[in-house]
Amino acid sequence: MNKKELLKKSTSILYLVLVFLFLYLPIILVVVYSFSNNSNFTFSKGFTLDGYREIFAPANREDLFRALKNTFVLAIVSSIASTILGSIAAVGIHQFKPKTRMVVDGVNQMPVINSETVMAVSFMLFFMTLKFPQGWTRLILGHITFCTPYVVLSVLPRLASMDNQTYEAALDLGASPIKALFKVVLPYILPGIISGFAMAFTISIDDFIITQFNKGSSGIDTLSTYLYSSLKGQDGMKTYWFPVSSIIILLVITVVLIVNVRKSIVEAKKTNKSNQVQKKVDVI
Amino acid sequence: MENKVELKKDNIFKKGFDKIKNFKLNRKVFAYPYVLFMILFIVVPLVMIIAYAFISDRTGAFTFGNFVTLAKDNVSLKVLWQSLLIGILTTLCCIVIGYPVAYIASKMKSGGVIIIFFLLPMWVNFLLRTLALKELFNSLNLSLGFGALLVGMVYNHLPFMILPIHTSLIGIDKSYAEAAKDLGASSPVSFAKVILPLTLPGIISGIIMVFIPTISSFAISEMLGGGEILLFGDSINAKVMHNQLGVASVMSLIMLLMVLVANVFISKLNKGNSASSLL
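Respectively, the protein sequence lines represent chains P and Z. Just so we're aligned: 461 in the working numbering is position 250 of the first sequence, and the numbers increase by one with no gaps anywhere. Just so we're aligned: 558 in the working numbering is position 94 of the second sequence, and the numbers increase by one with no gaps anywhere.
For the record, the hints were derived by calculation from the structure and aren't laboratory data. Wrong hints could be hidden among the right ones.
[As the list claims (entries may be wrong)] Ranges of calculated distance between the beta carbons of each label pair, as one might list FRET restraints:
1) Z/Leu721 <-> P/Asp274: 37 to 47 angstroms
2) Z/Val511 <-> P/Lys310: 20 to 30 angstroms
3) P/Leu279 <-> Z/Leu549: 13 to 23 angstroms
4) Z/Leu662 <-> P/Thr340: 44 to 54 angstroms
We treat Cβ as the ideally placed atom computed from N, Cα and C, and that holds for glycine.
Take the sequences, apply the hints, and build the full model.
Structure representation (structure tokens):
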């Protein structure tokens, strides 16, 4: 490797490190200063676990844990409903003629491509006009509408790569359509269903805008809307938010990292194998 | 005579039975519940935005008043101008910062894993990240305002630019660049004439994934704008809070039109290959 190439490579790596720092420095600092029991980046009270103890203090526990519970209840209910609705729908949508398919795909993509704020406003106007009961009904329906398209979008490619004849063969061999669907189609599209469910779950948990616009006066807060109202609160931010954030940050990063690195290792192995095969073919 | 009637009956039954059988075999029916669901919960709500835009908040009658109110409102016009400015600057910064990241990573052996690290922050709630950035600004004694908001927007949306550009970069056949080199192009020329045009769809979907969320975001500008700057999303939220549903609907309608125009544009460019699949 000559000097010029070495210089080029080291500047590239330096650049990546700089952008990496830009993206990570703020969240790393939150984790570091979660041990300060302050809601700013100083150690005026020294290194302490008091911030973490605050999470469980009786005065805070109730509201915070209720928000946590709400977040999970909402995410679990709406992601399970979305997964069932979306997976079944995908099987049908896959059979549509191209023209109908285009229209259905277009409408299905609407929540994905649209601005979240516009979706939230449209839900709010809709629920208000048709007088849907405030609270959970609106939130769950809103989240299901927002999450199902992602399930459909992750199941459809699996269906597209599936051989249609296996289903028909099952029917010819005497299976009822429902049985064929469960025994033949379902196992094949299961990976798509699982990744759709994971996507729906994370989107629901991460959501702020849909919930904020549609919670109305129901008093139901999720973690993100609770954080938002506590940021706007008069008496300043509570000191337990850095510790809570740190726990969330570390949890999210670990889970996503494990899932993705495993995925890319599996893919790398696959491409390696195919590369080897390709090389062998080339040699021959 | 009677026999004939019975035969006819039999035929009708048979036909009906066949229909039921076909209906059962036809997997299209599985989509019908969701199609109904979509009409009710996606199409009707969006139509309601259009309806509310033309309805007076006070009288409930048909009116163009909401459009007039918006056009005459100096604050809203300032919001529109500021949103466009922040949106354009954020998008430009994301391209300038994000393209090299995607490019360098696409050249590396372990680029796939490296890219995951740049996308990871996307999964941490944006309120938490914005809060972290705000405290960083405070601890460095930097004032909040336009600059801080711009940094915050780039910080929040950079992964959405890196992802589609990286996807289109790794999709390029390496032989194109090699061919350009063999034909005597220097590497900057081969980059400008070969690589850049081929990644244009990625850049465009990156632009849409950054620009639209930036101008319609709310809460970020509240936290980082130092109270000076309101964006489209904040303004819609404020109008809803003050029960000015008509004007809020007009503003949502403008956003919606922008989204639709942008997506018609991108689908023409991509011809069905959407690069917007997130992870």
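Outcome of the hint check:
1. Range check, Z/Leu721 to P/Asp274: about 40 angstroms between beta-carbon atoms, so the 37 to 47 angstroms window is met.
2. A hinted range of 20 to 30 angstroms holds for the C-beta pair Z/Val511 and P/Lys310, which are about 22 angstroms apart.
3. At roughly 38 angstroms, the beta carbons of P/Leu279 and Z/Leu549 sit outside the given window of 13 to 23 angstroms.
4. Hint check: Z/Leu662 to P/Thr340, Cβ distance near 47 angstroms, so the stated range 44 to 54 angstroms holds.
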